[in-house]
Amino acid sequence: MSEFYRDPKIFVIVVLLILALAAPLFLPDAFVFLIGLTYLFIILAISWDVIVGYTGQVNLGHTVFVGIGAYTTALLQVPSRFEGTFLNALAGIPQPPVFISILLGGIVAAFVGFVIGVITLRLKGYYFALVTAVLPLVFIQFLYVWSDIFGGEEGFSVGLERALAPDSTGKYYIAFGLMVISIITLYFILRSSIGYKFRAVRDDEILAESVGIDIVKYKVLSFVISSFFAGLAGAAFVHYRITVGPSLFDIPLMLLIILAAVIGGLGTLYGPILGGFIIYLMKNWWLKSISGISAILPINDEVILYTILIIVAILAPHGIWSYIRLGVNKISGKAVR
Amino acid sequence: MIEIVLRILIYGAVLSGIWALTASGFSLIFGIARILNFAHGTFFVLSAYLSILLIKNLGFNIFISYAVSVILVGLVGVVIYKIMMAPIREHEVMVIIVTLAFALLVGEVLLLIFGEHGISVPSFARGFVEIAGVPITWKRISVFIAAIVVIILLEYFINRTRTGKMISAASQNLEAAMIVGMDVERLFVITMFISAALAAFGGLLYAQVFAASPIFAFKSLIFAFAIVILGGLGSVRGSIIASFIVGYILTITINTLGARWGEFMVLVTIIGILIVRPTGLFGVEE
Chain H
1 MSEFYRDPKI
11 FVIVVLLILA
21 LAAPLFLPDA
31 FVFLIGLTYL
41 FIILAISWDV
51 IVGYTGQVNL
61 GHTVFVGIGA
71 YTTALLQVPS
81 RFEGTFLNAL
91 AGIPQPPVFI
101 SILLGGIVAA
111 FVGFVIGVIT
121 LRLKGYYFAL
131 VTAVLPLVFI
141 QFLYVWSDIF
151 GGEEGFSVGL
161 ERALAPDSTG
171 KYYIAFGLMV
181 ISIITLYFIL
191 RSSIGYKFRA
201 VRDDEILAES
211 VGIDIVKYKV
221 LSFVISSFFA
231 GLAGAAFVHY
241 RITVGPSLFD
251 IPLMLLIILA
261 AVIGGLGTLY
271 GPILGGFIIY
281 LMKNWWLKSI
291 SGISAILPIN
301 DEVILYTILI
311 IVAILAPHGI
321 WSYIRLGVNK
331 ISGKAVR
Chain V
338 MIEIVLRILI
348 YGAVLSGIWA
358 LTASGFSLIF
368 GIARILNFAH
378 GTFFVLSAYL
388 SILLIKNLGF
398 NIFISYAVSV
408 ILVGLVGVVI
418 YKIMMAPIRE
428 HEVMVIIVTL
438 AFALLVGEVL
448 LLIFGEHGIS
458 VPSFARGFVE
468 IAGVPITWKR
478 ISVFIAAIVV
488 IILLEYFINR
498 TRTGKMISAA
508 SQNLEAAMIV
518 GMDVERLFVI
528 TMFISAALAA
538 FGGLLYAQVF
548 AASPIFAFKS
558 LIFAFAIVIL
568 GGLGSVRGSI
578 IASFIVGYIL
588 TITINTLGAR
598 WGEFMVLVTI
608 IGILIVRPTG
618 LFGVEE
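Listed in order, the protein sequences are those of chains H and V.
Under the numbering used here, the final residue of the first sequence carries the number 337; numbering is consecutive throughout.
Under the numbering used here, the final residue of the second sequence carries the number 623; numbering is consecutive throughout.
Just so you know, these hints were derived from the structure itself, not from any lab.
Just to be clear, a hint being listed does not mean it is correct.
[As the list claims (entries may be wrong)] Straight-line distance between alpha carbons at most 35 angstroms, and here's what the computed DSBU-like set of lysine-lysine pairs gives: (1) V/419 x V/393; (2) V/556 x V/476; (3) V/556 x H/217; (4) H/124 x V/502; (5) V/476 x H/124.
With these hints in hand, go ahead and build the complete structure from the sequences.
In structure tokens form, the structure reads like this:
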């Protein structure tokens, strides 16, 4: 127990927890709403880190799993969308409670991840990156082709009564809770022998295979876990914003996730949390104010974000977390692990 | 019926020729440097925009502007390689991320300058000819001929010239190529130039028949993926043959089911190949 009081990590976590829990008391409502969304975005960044940072498989279709989770929960809540289509039989299914349906969003996303993973991850090399890069385009095409069900470009609303909570403060706490649960779950998974096997696969596939690790199994497992949390967060987004639509998970969101994880530091878990917090707030708050330049120069917020990503990836490919850890270790005099 | 078949045959050949150029460029740089260049589709649309600028704003002759924009895009490829790929080539994840970010960056800037509507470039030839009662524009025929000529030149370059042979040798075994004293860095730069120039020329041909738009950069990249997966990653000849297969699949899909099914069919093709024959038709074992 004595170590508990001395560990600076615990101290920082407690301070952050108190700050996060108290934030709605002194922040304006619009900020509370935005920060709640940021918590859900952080789930996307850390779950992407599981497959890319920890297991070394480049997934460029993470947003598809966000979308699958989102549409799963939305259609479960509004089954009347199926009326008059070839899936008419589904129109009558009873609506599950909101939290069950969010969980189902994660499960369906994990299942799709499993199918795609089994096909592509058994191949060494780049096939996984190529296939996952194609997925978003095909998925959005699907939504347009069956726009009767999915609502096409506009999407559809799940109704105010199916929101996570009636007000921003309630939504904020639920989003925060979901994020904390996701972080803790992933922390324990990544600290377990499974997590070490993920890293073994990432660092040297041949070596991992020769010590008896079934590399395909662990790659698929990592992808399933990653997809599950993406779907979960996607479903939570729907009940947070009450609407679902393709704008929820397009290519700019994918880049935002990549940016958050890369700036924070791939394969560090804490890095993407920090990166996700900074990037999402920056994109939705600070960068909105500079969009005035685009009248003079061909620059908008996305151009700036892409430029930052290129610069960071070239100059600091290990992200800011490695620098923070280095600094903390220097101060506390601990040896660098 | 015969009309539809003939139309699919000819339109498919034109599309396949264009994709063959684009995909073989993508395959070349992957084969030698193991770089998965997600900015390849950007080179494809960039040349169309450059040549439009040269023709409309600077009053260049069509052929000169095409030549200049292909060379310029080739040089852009080299600069991108030097700045963004060479320093992090060992870090494969980052190469993918950086090239993807660059592609989106250029796409966004093009969108802000030119808007989302597609642009077409002037074609080599006018008028049309009737083949068995089906009118075919000279535009398409000239595009097809240009594509075939460049493919033959590329095959000649790789199999007959000294530099080309060095490139294919280094693609087969990079370390051995270094041991026998090849300057592989120089080969990478040359390959990158050719790769980007091939995409640029493919884009120019495409924009003559259809239209290039910022969003098309990503779509053309995805078609290139499908082709190289079918042909086998790293095999140029595989890419050329696979382009005709994917080109015909696309043309048949678009002419029978409609354009919106194009990407879907491409994905189904990719997944199908990966299940049946993971290394593609001519893939290199890795």
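Here's how the hints hold up against the structure:
Between the alpha carbons of residue 419 of chain V and residue 393 of chain V the distance comes to roughly 31 angstroms, so the proposed pair stays at or under 35 angstroms and holds. A hinted pair counts as satisfied when its Cα atoms are at most 35 angstroms apart, and residue 556 of chain V with residue 476 of chain V qualifies at roughly 23 angstroms. About 32 angstroms separates the Cα atoms of residue 556 of chain V and residue 217 of chain H, which keeps this hinted pair within 35 angstroms; it holds. Taking the CA atoms of residue 124 of chain H and residue 502 of chain V, the gap is about 27 angstroms. The hint holds against a cut of 35 angstroms.
In summary, the hint linking residue 476 of chain V to residue 124 of chain H is not supported, as the alpha carbons are separated by about 42 angstroms, beyond the 35 angstroms threshold.
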